[in-house]
Amino acid sequence: MNGEKVLVVGGGAGGLLVSNLLVGDGREVTLVTNNPEHYFQPANLFIAFKGESPESYKRSVESLLDPKVRLILDKLSKLDLGNRTALTERGKRLEYDYVIVAAGARMDYNSLPGMKENFEMFGDYYSSPEAAVKVWNTVSRMKNGKLIIGVPDLIIKCPPAPHKGVFLAAEFFKKEKRDVTVELLYPSPHIYTEAELAKTIESKMKSFSNIEYRTSFLIDSVDKDRKVVIGMNGEEIKYDALVLIPFHKGPEIDVNPAEARDDDGFIKVDKRKLNITSYDDAFAIGDCNNAPTSKTGVAAHLGAFVVWKRINGRNAEYSGRTNCPLITDDEAIFVISDYDHKPVGQRFSRLKRLMEDLFVAMYFPSLRYPRKFEPIFDVYFNATEPNILGEKGW
Amino acid sequence: MVEEKSDSKSTEKILALLERPEMEEAVANLAELLIAMNESGLLDLLKVLADRGVLESLMKYLMTPDFLRMADKLDKYVHVLEESGEILITEEKARTGIGGLLKAMRDPDVQVGLTKLIKLLKFLGTVKEQ
Amino acid sequence: MGDKKTVDARGMACPGPIAKLTRAYREAKNGDVIEILATDQGFIPDIKAWIESTGNKLIELKQDGGVIRAVIEVTAKK
Ligand SMILES: Cc1cc2nc3c(=O)[nH]c(=O)nc-3n(C[C@H](O)[C@H](O)[C@H](O)COP(=O)(O)OP(=O)(O)OC[C@H]3O[C@@H](n4cnc5c(N)ncnc54)[C@H](O)[C@@H]3O)c2cc1C
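Residue numbers (our numbering), protein chains in the order written: chain A, 1 to 394; chain B, 1 to 130; chain C, 1 to 78.
Heads up, a few of these hints could be off.
As the list claims (entries may be wrong) - When the alpha-carbon atoms are kept at most 30 Å apart in a straight line, the in silico DSS-like pairs for lysine-lysine are as follows:
id	chain 1	residue 1	chain 2	residue 2
1	A	K92	B	K9
2	A	K238	C	K48
3	B	K128	A	K271
4	C	K4	C	K29
5	A	K249	C	K5
6	B	K128	B	K76
7	A	K271	C	K5
8	A	K78	A	K116
9	C	K29	A	K273
10	A	K206	C	K48
11	C	K77	A	K227
12	A	K249	C	K29
13	B	K47	A	K68
14	C	K78	A	K249
Rather than coming from a laboratory, the hints here were simulated on the basis of the structure.
Owing to the predicted nature of the structure, the values given are computational and were not obtained by experimental measurement.
Full structure from sequences and hints, please.
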């Protein structure tokens, strides 16, 4: 069979899904990934602000893969698109008929003075479950003062995740009756990048007496000795603890040709077909590509299905659909948008929180058995398409 | 070096679990539960549910924008229904005539209620039987 | 005279064009000019609000056949 040999890079949501889908067609699939474990990233929030154990949100990559997939635990260091070859760090040379890069985003702490030291001190809930444990170690011991969650940049995974952190932290301090204020520093002129949703989120924030926020605040640097965040206009804000959302960059793979990546290292793709620009046998899905949409698990999930179908000669396209939940302890909204529609209006509700809990419960099985879950997710995605929910919202 | 996958790890894990002292009681409990579930037909029901066809049909029925919106506000509807239900089922002693009606109309809450009633009537008028 | 940089945020609805502007602004210095192209209609009020709250200068804001073009001069950096 032509196109039999498939190489998948990265054992995250996108890579696992696309491997399991393609191996089911009888193709020879090799997955190269540098982490033997896959963890559910949204759970970092529960680790950081509820003290939950990271173990319950981790699975071995092996247990999430169809046994027919050949797993190589190694880092992919070189990818030569013209010659259809790749090289791993330990020197294994691989050839392919199709390659799918799903290597996620790389966290970068060097684009802002003081960020690296701050990360070492306080951790964050973006980098890893271990870094989230560090946040919990600080949060659980704070008796009073101010916890700042700072967002220097907006090209980040799950854009409402900074807000989720603010709500969960504030709820923790409220329940524990501790005199701690949580402040969100946000670069856009509204408290969310879309003005209407920002209003909904803002009024929810106002219902908390221990949440503060500042918009249009552009973080320039951090002075850890004086414990201040410094804005680009020179303004300084004092903190007792500081969690900064790291910058996101493309994965650490030496791709040839270099033009296949943008200035930040993200892999340039056709935003609907998801093939790497000017190649029809190479794709990039999920956080590692430059599609102009949010970096979310949903994009990785839908991208995997689009690529699977396209490799099988079907005409599937990715619409840019997002579905990022913003949760508080007992309510949620979903940021639902696509390339052509800004996020639809939403109200906080308990139903949405319940639905989010169901998504979480289905997460690992849906990676392992994507074909079983496809019709179920499809029904949900179709019913909640931005142009179907429309003006009325949800 | 390349690590190829093997099944030995999960087998090891299962064996370790089986050796735990709590296991005996857990297995006995599970067996009892299975028998009970089988007798009550619950197991058959689960079998049917786990078949994706049923789940899919159920999802298709529930997952419409209208249904999602309604479910989203169900807690609010229940509150309104509960409050108005109480009024509906309680015997009312007071009587309202034309005079009382005119007087009631000066109450801002009644004015809002009336506006809502008119909106509702207007909507009902547009509903066509399908 | 500062440098000029163009940021293409067309077809970007979520996160909106401000996300791309934020990245470009970090690298810019006073006197630089940033041109942003966008198709998201929300960008017009957003860029006005952004200019007002950050104290930078809006040199041009135009819409031409669905494409919004904003040109700003960086003036508010320390
Ligand atoms: C706090 C937080 C909350 C979130 N909440 C949500 C949410 O509620 N809903 C949602 O949809 N999304 C959410 N996300 C985003 C979501 O987790 C990511 O978008 C998703 O995991 C992306 O999947 P991916 O497969 O592209 O990348 P990843 O899951 O990051 O996987 C990338 C994999 O590639 C491997 N890799 C990297 N480089 C190499 C290399 N050179 N060689 C080999 N392997 C490599 C990595 O080890 C990793 O296993 C959240 C993220 C965070 C941080």
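Here is how each hint holds up against the structure:
no. : hint              : in the structure
1   : K92(A) x K9(B)    : holds, 24 Å
2   : K238(A) x K48(C)  : holds, 29 Å
3   : K128(B) x K271(A) : violated, 43 Å
4   : K4(C) x K29(C)    : holds, 10 Å
5   : K249(A) x K5(C)   : holds, 20 Å
6   : K128(B) x K76(B)  : holds, 27 Å
7   : K271(A) x K5(C)   : holds, 23 Å
8   : K78(A) x K116(A)  : holds, 27 Å
9   : K29(C) x K273(A)  : violated, 37 Å
10  : K206(A) x K48(C)  : holds, 24 Å
11  : K77(C) x K227(A)  : holds, 21 Å
12  : K249(A) x K29(C)  : holds, 22 Å
13  : K47(B) x K68(A)   : holds, 27 Å
14  : K78(C) x K249(A)  : holds, 26 Å
Of the hints listed earlier, those the structure fails to meet are numbers 3 and 9, in rising order.
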